Amino acid sequence: MKKTIQLLASLGLMLWGVAHAETGSGTGVGWGALNLPVGVTETSREIHDLHMLILWICVGIGILVYGILIYSLIHHRKSKGAVPAQFHENTKLEIVWTIIPFLILLAMAVPATNVMIKAYDTDKVEKAQMTIKVTGYQWKWRYTYLDEGIDFFSSLDAKSNAARQLGSKIDPTTVEHYLLNVDHPLVVPVNKKIRILLTAADVLHAWWVPEFGWKKDAIPGFVTDGWIKVEKPGIYRGQCAELCGRDHGFMPIVVIAKNDEDYKKWVAEQQAQQQASKSDASKTYTLDELMVKGKEVYKSSCAACHSPEGEGTPGVFPAIKGSSVALGSKDDHVKLVVDGKNAMPAFKDQLSPVELAAVITYQRNGFGNNKGDVIQPSEIQAHQ
Amino acid sequence: MFSRFSKSSHRNRQVDKHELEKANARLVWRIVVIVALMFGFGFAVAPYYDSICAYWGIGGRPKGPSPNIGYSVDESREITLEFVTAVNGAMPLAFRAEKAKLKIHPGQYYSVKFYAENQSDKKLVGRAIPTILPISESSHLKKVECFCFSEQVFEPHQEREMPVRFVVDPEVQADVKDMTLSYTFFDITEQTQTNQ
Amino acid sequence: MTAATHDDHHAHGPEKGFMRWVTTTNHKDIGTLYLVTALIMFFVGGAMALVLRAELFEPGIQFVDPAFFNQMTTLHALIMVFGAVMPAFVGLANWMIPMMIGAPDMALPRMNNWSFWILPFAFVMLASTLFMEGGAPAAGWTFYPPLVLQGGNHLPFAIFTVHLLGMSSIMGAINIIVTVFNMRAPGMTMMKLPLFVWTWVITAFLLIAVMPVFAGAVTMLLTDKFFGTSFFNAAGGGDPVLYQHLFWFFGHPEVYIMILPSFGVISAVIPTFARKPLFGYSSMVYATAAIGLLSFIVWAHHQYTVGMPLAGELYFTYATMLIAVPTGVKVFNWLATMWRGAMTFETPMLFAIAFVVLFTMGGFTGLMMSISPADLQYHDTYFIVAHFHYVLVPGAVFALFAGTYYWLPKWTGHMYDESLGKLHFWLSTISVNVLFFPQHFVGLAGMPRRIPDYAVQFAEFNAMSSVGAFVFGFAQLIFAYVIYKAIKGGAKASSEVWEGAQEHGLEWHLPSPPPYHTWTSAPEIK
Chain A
1 MKKTIQLLAS LGLMLWGVAH AETGSGTGVG WGALNLPVGV TETSREIHDL
51 HMLILWICVG IGILVYGILI YSLIHHRKSK GAVPAQFHEN TKLEIVWTII
101 PFLILLAMAV PATNVMIKAY DTDKVEKAQM TIKVTGYQWK WRYTYLDEGI
151 DFFSSLDAKS NAARQLGSKI DPTTVEHYLL NVDHPLVVPV NKKIRILLTA
201 ADVLHAWWVP EFGWKKDAIP GFVTDGWIKV EKPGIYRGQC AELCGRDHGF
251 MPIVVIAKND EDYKKWVAEQ QAQQQASKSD ASKTYTLDEL MVKGKEVYKS
301 SCAACHSPEG EGTPGVFPAI KGSSVALGSK DDHVKLVVDG KNAMPAFKDQ
351 LSPVELAAVI TYQRNGFGNN KGDVIQPSEI QAHQ
Chain B
385 MFSRFSKSSH RNRQVDKHEL EKANARLVWR IVVIVALMFG FGFAVAPYYD
435 SICAYWGIGG RPKGPSPNIG YSVDESREIT LEFVTAVNGA MPLAFRAEKA
485 KLKIHPGQYY SVKFYAENQS DKKLVGRAIP TILPISESSH LKKVECFCFS
535 EQVFEPHQER EMPVRFVVDP EVQADVKDMT LSYTFFDITE QTQTNQ
Chain C
581 MTAATHDDHH AHGPEKGFMR WVTTTNHKDI GTLYLVTALI MFFVGGAMAL
631 VLRAELFEPG IQFVDPAFFN QMTTLHALIM VFGAVMPAFV GLANWMIPMM
681 IGAPDMALPR MNNWSFWILP FAFVMLASTL FMEGGAPAAG WTFYPPLVLQ
731 GGNHLPFAIF TVHLLGMSSI MGAINIIVTV FNMRAPGMTM MKLPLFVWTW
781 VITAFLLIAV MPVFAGAVTM LLTDKFFGTS FFNAAGGGDP VLYQHLFWFF
831 GHPEVYIMIL PSFGVISAVI PTFARKPLFG YSSMVYATAA IGLLSFIVWA
881 HHQYTVGMPL AGELYFTYAT MLIAVPTGVK VFNWLATMWR GAMTFETPML
931 FAIAFVVLFT MGGFTGLMMS ISPADLQYHD TYFIVAHFHY VLVPGAVFAL
981 FAGTYYWLPK WTGHMYDESL GKLHFWLSTI SVNVLFFPQH FVGLAGMPRR
1031 IPDYAVQFAE FNAMSSVGAF VFGFAQLIFA YVIYKAIKGG AKASSEVWEG
1081 AQEHGLEWHL PSPPPYHTWT SAPEIK
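As you go down the protein sequences, you meet chains A, B and C in turn.
For the first sequence, the positions run 1 to 384 when the numbering used here is used.
For the second sequence, the positions run 385 to 580 when the numbering used here is used.
For the third sequence, the positions run 581 to 1106 when the numbering used here is used.
Any given hint could turn out to be false.
[Unchecked claim] Quick list of simulated restraints, FRET-style, between CB atoms:
id : chain 1 : residue 1 : chain 2 : residue 2 : range
1  : A       : Lys335    : C       : Ile877    : 51 to 57 Å
2  : C       : Phe643    : A       : Asp332    : 54 to 60 Å
3  : A       : Val83     : C       : Lys772    : 25 to 31 Å
4  : C       : Ile877    : B       : Trp413    : 25 to 31 Å
5  : C       : Ser708    : B       : Glu574    : 51 to 57 Å
6  : B       : Leu486    : A       : Gly340    : 30 to 36 Å
7  : A       : His88     : C       : Pro1095   : 30 to 36 Å
8  : C       : Phe711    : A       : Lys80     : 25 to 31 Å
9  : B       : Lys406    : C       : Pro594    : 25 to 31 Å
Calculated directly from the structure, the hints in this document are not laboratory data.
Note that the coordinates shown come from a computational prediction; the quantities given were computed from them, not determined experimentally.
We treat Cβ as the ideally placed atom computed from N, Cα and C, and that holds for glycine.
Could you put together the complete structure from these sequences and hints?
Below, the structure is given as structure tokens:
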């Protein structure tokens, strides 16, 4: 009997979960729900419907199978004086329960095929209006807008990054969108068919935003594709879905969908910023200017490993305070930050020359290092 | 089913022991052959997989240049071809295409330039691996001339221009509107040094 | 040992002491060795799972570095698959197959000894990687390149471990096939074999077909890393996706290697306690064979997100859905066997019923993820984790529990402690659902698998899951104690053990415990 209760309880829990997910969806949040999000693309909606269809078919079969089992467990027990029958085959019955499941599967295969054909329609029927190349790195994403020439890296935001360190003593519930927030989100226009080209620079990754309805592997050396057409402005969050090493859990995806006007504004801003950073690079800065800017860059790009106070993580990540690099020759320091070495990533693509100059200056003069020298963006460019 | 059997059947195992051992050995050898074949099968799959991919045109693997045949140009159709470049790992190479997109007619030959600059003080050897999308159509993009057919050597700080000449076969599926030609450069400097 | 037993070569007992176990060629001894090893590895792999669940109890990283977390996920899977479930079924096969088919021993007793004694060395080697620079393998049990090639010094050791485990499994499989084909008692035709023997024969063929492919694939990883080949390296004209095809060509049958013998155990337990013959014997055999064959043509359903052509996605969808048909036949046959039986609910039967219920649950989610478009969402989430744990824990592991309780009185000659057995059952069954059921929800809601930390909205279900894990883990100590107690003593078991069991198999015609050598003169089946 306990068995029965437990069974009903678990079935009930499942149904409850489904019901709640239905009411919780459509708000654009979806993440807190207990079910697949309905999402904001045609593909995701169709996949959600397909998922619910199969789920209900399974629930139906489940009720039948478990019902028969429960009836049998209650009535055909020896303690109730049941006398065992001796039948052990029934060809008709066996044919029936081979054919019927087959027909049910056939019925499932038809909508499954239709949805799959649509999900694969990257470049037929409707022409894509823009293309974004997404590159997976250990452990960040890079977004390149093929048409607009915008190109940037997107990594875990500084707050989550600080909180997720072993023994950080920061309560994750106090961090907004813990592990699901990035420094530079991907921005896309709504209601445009966008081709997503996926590749990776080191190992396999997979790009997944549940609200868009699909994920696909990013494979080094090859390019795979998918498409989205976001129907509603909003912020959509996802994560890397293919084990890619130590920080696989810490390379989220954030996509902001804007209406056409806002999107165009954003593009203009980005392009202006890229122009500005080019002209900024030819200027000469004072130590104070660089220190202010450097502190900001340090917090978002370095503090996670080298600690906010420059003390590093003993045995894993070296300290910057009093380090031989920060107090050594300028050239070596620039080379290490720009080109990377072992676990230290190369920052040349991630930071602008101004940011690089600022953060290196900050490392050489902050934390009581007081080396007293200033690195200008022009020196970074000379190195590159 | 097993309630009725006699325990008294004295089949003397000593007598057929020899026979049995021979039969066992025969069977073992047969199975060992299967095991060996399956081990070989794993390795045989590698070239077979390549040929399947080549057959379906998956991935647009560097198969060498296609013959320069004349197609009838289909001016009624226009396909947008995107050029995508990528560099694997930390290879110090700046790699870009002359343009991001090109509108093409099936059957017409086009040339596009790619540029790569060695940003380091050392000699670099690279190999470009192409992908053509959509995968179902990739056998229809035919490259007559491509830097991906051979290793590319870059002297320190050298910038090179690398042309690709190609045609999209008019047999490409009628509803295809976007195609992608992508190259990823891999650093093979170390491998080529150890081989020399 | 009395002087009298020395005259009769066949009647002599085991040697004394440690050397008995090192040099033994007796199928019962080797079966025991396998089973004990499997139980130990079950606790080792379980302890690793508890490290994972402790870290996942709440958001934030409290106990282990993410890199170590990845090592634990990898080792947990490798040890549970190759160290616990597979050796346990080989142990059952060793003990039961000769007794079930009326053979005096396995066909190749010395090879049997080797195939066991390879295992401890393999596991010591695998464990040693934990102490190497860069730690143990951390790329998941699937060893996907290029990530696996980034690892530290462990790679050749991990790969050599796989080679050894593969050799051991292949030798075990050869032994089972030869034994069943050549050593059956007169009158024991193939269609009279107990279903456990049938499922093992089919499993053995799967092992022979796919273990060499896996060995080949990891060998290619090794040559890619150290000898400059480019099987999986795009730079040299290879393709990392090729590895995935090779791995899952092995990996999917491997899943059935773990579940088919479970079907065999359940098909032995249910008829005994329903006091009825197994319903649809021949359709059970055909269904098992069908599942075995289908397992070779569905592998890429593990790779729906890899960018296959549409035709490939659809083909693998249809082929995978087909597996539901023979699997359904099995479940219906078990139901029909229980229908109008006279059931009693001793511990083996309880575990068998829980198997039918919970394995079916895993079957449902399996059907859901066979649908490729839906799998684009499910892939690599906790929904998948919930699915395969439902088929492997309340599936394969519960079948092992059922089999152990079922045959334990036969092996030891003592009845086990029924109330402790029932306690073990209820704790395990409730906690396994608390452990894995919530994972369906977090998976659907968007939690990827193989992550050491997660967004706060997943916190409640993960906490629940962790509580379930610890209860489940500690409940297994009861199991170990029940076995220990039955070995040490207890009520004497009759040769039949279970009421009417002699109807269901030859092993119940032997004394409990059976003498060291059994069926030295073959029974003749009528």
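Hint by hint, here is what the structure shows:
Separated by about 54 Å at the C-beta atoms, Lys335 (chain A) and Ile877 (chain C) satisfy the suggested range of 51 to 57 Å. Range check, Phe643 (chain C) to Asp332 (chain A): Cβ separation about 37 Å, and the 54 to 60 Å hint is violated. Against the hinted window of 25 to 31 Å, the Cβ-Cβ separation of Val83 (chain A) and Lys772 (chain C) comes to about 26 Å, which satisfies the hint. Between Ile877 (chain C) and Trp413 (chain B) the Cβ separation comes to about 28 Å, which falls inside the hinted range of 25 to 31 Å.
For Ser708 (chain C) and Glu574 (chain B), the hinted distance range of 51 to 57 Å is not satisfied, since their beta carbons lie about 29 Å from each other. About 35 Å separates the C-beta atoms of Leu486 (chain B) and Gly340 (chain A), a value consistent with the hinted range of 30 to 36 Å. Between His88 (chain A) and Pro1095 (chain C) the C-beta distance comes to about 32 Å, which sits within the given range of 30 to 36 Å. A beta carbon spacing of about 59 Å between Phe711 (chain C) and Lys80 (chain A) contradicts the range 25 to 31 Å that was offered as a hint.
Our hint of 25 to 31 Å for Lys406 (chain B) and Pro594 (chain C) holds, since their Cβ atoms are close to 29 Å apart.
The structure shown violates the earlier hints numbered 2, 5, 8.
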